[in-house]
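**Q** Got chain B sorted already, so can you dock chains C and F with the ligands onto it with the hints?
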Amino acid sequence: MKYLGITLERPKIGVFDFTGCEGCQLQIANKEEDLKDLFDLVEIVNFREISSDRREDYEIAFIDGCITTDSEVARLKKIRKQAGILVAMGACACLGGVNNLRSRFSLSDVIREVYDRHHINTGPVRKVADVVHVDIELPGCPISKPEFEWLVRHLVLGIEPQFPKYPVCVECKQRLNSCVLDMGLMCLGPVTRAGCNAVCPRNRLGCWGCRGPSEEANFESLIEILREKGFTEEHIAERVKFFNAFSGVLNSDR
Amino acid sequence: MNLKIPKHDINLEPFMVGPPDFNRQTVLMQTERGFKSEVVNIVKLTAIEKLFQIRISEPCERENFTFLPGQFVMLELPGCGEVPISISSSPSNREFIGLCIRKVGKVTGMLHRSEPGAMVGIRGPFGTYFPMQKMVGRNILLIAGGLGIAPLRSPIYWVNEHRSEYKDITILYGVKEPGQILFDYQFEEWRKIYDLNLLTIVQNPDENWKERVGLITDLFEDISIDPENTFAIVCGPPVMFKFICTYLANIGIPRQRMFISLERRMHCGMGKCCRCIVGSTFTCLDGPVFDYWTVMNLKEAI
Amino acid sequence: MLFKTITKENFKKMVEGLLEENEVIGPRSRDQDLGGNKIYRFLKINSFEELEMDYTRSYSSPKNYFLPFEEDLATYRLNDKDWEQEIRYTIHPRVIIGMRACDINALLKLDQVMLKSVYPNPYYFARRRNTLIIGLDHEPLEDCFCRSMNTDTVFHGFGLFLTDIGDRYFVAINSDTAYIILNQFDAREVTEEDQERYKTVKKQIESKFKTQVDITILPELMDLEFESEIWKKWGHKCLSCGSCAMVCPTCYCYGIEEDTNLTFTKATKRRFLYSCNLLDFAAVARGHNFRPDAHIRLKYRYYHKFRGFVEAFSQSLCVGCNRCGKACLAGISPKAVIDDLIKTEKK
Ligand SMILES: Cc1cc2nc3c(=O)[nH]c(=O)nc-3n(C[C@H](O)[C@H](O)[C@H](O)COP(=O)(O)OP(=O)(O)OC[C@H]3O[C@@H](n4cnc5c(N)ncnc54)[C@H](O)[C@@H]3O)c2cc1C
Ligand code: SF4
Ligand code: SF4
Ligand code: SF4
Ligand code: SF4
Ligand code: SF4
Ligand code: FES
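Protein chains in written order, with this note's numbering: chain B, 14 to 267; chain C, 23 to 324; chain F, 3 to 349.
Chain B with its partners taken away, still in its complex shape (with noise of 0.2 Å):
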């Protein structure tokens, strides 16, 4: 394929699942009519939910879900020997995500809450990039597919994809949507990257921070006003920490 008179290369694509819900892969299997495009642009070597192929020489990786257990942990180590490029794919993978709700409670208490009395293997919640250097991080929970398309429009051209750095409220506010802080309920929009096209507050719903904070967020100011709209402590660190995007930004983290 050519652009711009410039001939693209097709790279080779992994993609690896660890632990979580698989929603992400399944974000890129569906609409199977578009996959032929997908497929013309890239060669996908290694991707459990739509081909059986299992080769070893992709360049680059696509991680989705955190990281568990200590067998994770090995393979996503050599996962990355492998891959020129390593892209932490939805909010487990960059965030540690809702699996890190777990890690409020005791791990044992957890396993036995679970599993009863089966034996398991399995550690602490990461991310990704507890474990191993990321180069990208493609937020989500789940991912969109028009989001992970534009992605790799931007890694077949070699681009450095430039994710948005303003908060969700810009969308929040083109999309005409009322203010759901206004009507009474938590929002973490006014911190959170954006790209989701504010989903959440479309569906009177606040947002949950699952994209990840925006940058240079100002944590300090909307827990201000969040406390100041009357919202309880336990509350605000309820959704703060839901998706583990903003450690260390409650005082009572530190």
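Hints are computed from structural coordinates only; laboratory data are not their basis. Computed from a predicted model, the values in this text were never measured in an experiment. In this text, a Cβ means the ideal position worked out from N, Cα and C, and glycines have one as well. Just to be clear, a hint being listed does not mean it is correct.
[Claimed, not checked] Per the computed footprint, the stretches of chain F lying under chain C, defined by three or more beta-carbons under 8 Å from a beta-carbon of chain C, are:
#, stretch
1, 113–124
2, 247–259
[Said to hold, decoys possible] In silico DMTMM-like pairs for lysine to aspartate or glutamate, Cα to Cα no more than 25 Å straight-line:
#, chain 1, residue 1, chain 2, residue 2
3, C, Lys-125, F, Asp-282
4, C, Lys-58, F, Glu-73
5, B, Lys-25, F, Glu-23
6, F, Lys-234, B, Glu-229
7, C, Lys-29, F, Glu-23
8, B, Lys-178, C, Glu-137
9, C, Lys-29, F, Asp-261
10, F, Lys-83, B, Glu-237
11, B, Lys-158, B, Asp-53
12, F, Lys-337, B, Glu-237
13, F, Lys-239, B, Asp-53
14, B, Lys-158, F, Asp-261
**A** Structure of chains C and F with the ligands alone, referenced to chain B:
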């Protein structure tokens, strides 16, 4: 009853046909229509800088395109983006325009990967220019730091083409390392044919470097300046022109006779996107070329 | 200017007639805030009943019907190394009902930039030309300060402008199209009684202004207080969230992004409205940011509105609607900031 709001289809208006002329600022309406142009030649200058020679494809658009030294164009790679770039060739060259571009990001990076024959879009020219007419009969001191030499090539060509109208021409050119020097293949020609005095200086020399070592301001020791009769044109990083212009002002050159070119983020070139505002001034309309007096009075300029 | 009156019943018929032939935009409410107040916005209406003529203030201004938040400026067909650019201006006749005097004045300010200065903007021009505006008077809210900005009345820039005088509207007529439409609904000449009632209503409106903002020496103050601590005080609270610029009827600046489809056969050049409070508004390649701090960016928002624009067009880029103040979670409003500036000056 007639309650339909009449349709005014501006796609059919006379001002929408024919090639746009960006020099007719107040009547131009086809603000986004670019001139499709071919990259006819690419000259690799350093590891990160290339000179792109670009020729507007449509003959009538090419003939219409005129600019003055110091003006810039918006260069577009469809699907990639659009960036402001100073014109680095002679205004009298009506065949192609030269753009000297450093690879720093998305658009410039893609451009560096392109090959001759690639098609790009250009809109312009935009912005203010160096007032070459005002300098007639005087000495001109051109001072460039790093990539700042790119916008200076246009006035250098101009001076050569009108050589008898100007007195002494001096170029001071400083870079960090010898490998960063641009257009050294033209230095001979500038000195011999253009009859101008060119002094270069580097901060970190290598074993082959025979000329001066130090900061660009050190070159002032090597020349004599007649403040009454000299105009200065300064291009380079902001820290540089602050030092230089202060020095020149102290030896008596009026601030209104020093010209610098400012850089800001730009998304339109037409005073609409506001991204280039410095204080209350639009860099794309009232600049990029400003006299130093004006710059000193701009909030947040330097 | 011509004046007539139209009964509310006939006005209803007129709107219903307009609805049959055109797209009609008007104030509608969807949600309620904590205090039980309706939250209004300008949206497409499908029947007269959806139109809320007693609305207070729309949360966001109707500017997006003239300057959309996002718009494709050009599209391209790409093939190997060559491409073809295509530009189509959207021609979409429509009616907007219920715009306030301040909102129409805001458009007049945008006209200055978009139509009456260098490089007139064809996208805006196409929308402005194809929109019929039916304005509507109201009693100011507690925080409206349009009076101080001299934008509480409007004399042009609309088709019709309505003032409620009881059982009928007093109508100022400003375009031929509007005149023809109005006359199909038994609009009657203004009687002496109408005129008296109109005067009374106008007086009533005038008496309701509560908020004043002193802008007499504001342009100079912006320079004198350039280094003032008050910028840091407010900037410290600012979330750099851009809400103020998005809801503002006069903010117009933008960014451009280009993208292709997955097969690199089509490309678009897209404009999206931006805000000078956003982190990378003035950032350039390789990480340099000319306005790195929230308080500097906030200062420049005010600098553009009350100094830069005044210099260029002899008027401020603010109509006193206080939408930004309402939308700002951090409580930053022009009234509060300007009062602060004036106070520091007096000290
Ligand atoms: C008047 C003027 C003349 C210039 N002349 C030259 C020249 O002759 N040669 C040269 O190499 N460079 C020049 N530049 C700088 C050049 O415009 C930037 O390097 C270029 O925009 C970077 O784009 P990018 O997409 O590669 O970088 P990215 O970092 O990917 O930038 C993304 C976007 O940010 C904006 N942007 C980023 N940096 C700048 C910047 N410095 N100035 C303006 N907009 C920016 C652009 O809109 C760009 O598309 C000039 C800038 C101005 C304002
Ligand atoms: S609902 Fe949330 S995202 Fe939307 S404007 Fe309010 S705070 Fe911002
Ligand atoms: S609004 Fe917040 S939680 Fe919802 S998708 Fe966007 S970033 Fe995620
Ligand atoms: S005040 Fe800021 S956001 Fe508004 S138009 Fe000016 S630069 Fe843009
Ligand atoms: S700055 Fe605020 S008060 Fe002024 S016009 Fe904009 S939104 Fe209204
Ligand atoms: S002033 Fe308020 S609305 Fe504007 S960017 Fe700052 S916090 Fe957001
Ligand atoms: S570049 Fe858009 S206003 Fe100057």
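**Q** Below or equal to 25 Å on CA atoms is what counts here, so check B:Lys-158 against F:Asp-261.
**A** 15 Å, holds
**Q** Given as covered by chain C, does the stretch 113–124 of chain F meet the bar of three residues or more with CB within less than 8 Å?
**A** holds (count 8)
**Q** Given the hint that B:Lys-25 pairs with F:Glu-23, does the C-alpha gap stay at or below 25 Å?
**A** Not OK: B:Lys-25 and F:Glu-23 at ~55 Å, beyond 25 Å, violated.
**Q** Does F:Asp-261 lie within 25 Å of C:Lys-29 when you go C-alpha to C-alpha?
**A** Between C:Lys-29 and F:Asp-261 the Cα gap is close to 31 Å, so the pair fails against 25 Å, i.e. violated.
**Q** Verify the proposed pairing of B:Lys-178 with C:Glu-137, using a straight-line Cα cut of 25 Å.
**A** 33 Å, violated
**Q** Do the alpha carbons of F:Lys-337 and B:Glu-237 lie within 25 Å of each other, as the hint requires?
**A** 22 Å, holds
**Q** Quickly compare the C-alpha distance for C:Lys-125 and F:Asp-282 to 25 Å and report which way the hint goes.
**A** Within the cut-off at roughly 20 Å; holds.
**Q** Could you grab the alpha-carbon distance between F:Lys-83 and B:Glu-237 and see if it respects the 25 Å cut-off?
**A** 54 Å, violated
**Q** Is B:Lys-158 close enough to B:Asp-53, meaning Cα to Cα at most 25 Å?
**A** The hint holds at about 16 Å.
**Q** Checking one constraint from the list: CA of F:Lys-239 to CA of B:Asp-53, max 25 Å. Satisfied?
**A** 49 Å, violated
**Q** Compare the distance between the alpha carbons of F:Lys-234 and B:Glu-229 with 25 Å, and conclude whether the hinted pair is satisfied.
**A** Holds - the C-alpha atoms of B:Glu-229 and F:Lys-234 are around 16 Å apart, at most 25 Å.
**Q** Is the straight-line distance between the alpha-carbon of C:Lys-29 and that of F:Glu-23 25 Å or less?
**A** 12 Å, holds
Against the hints set out earlier in the document, violations occur for numbers 5, 8, 9, 10, 13.
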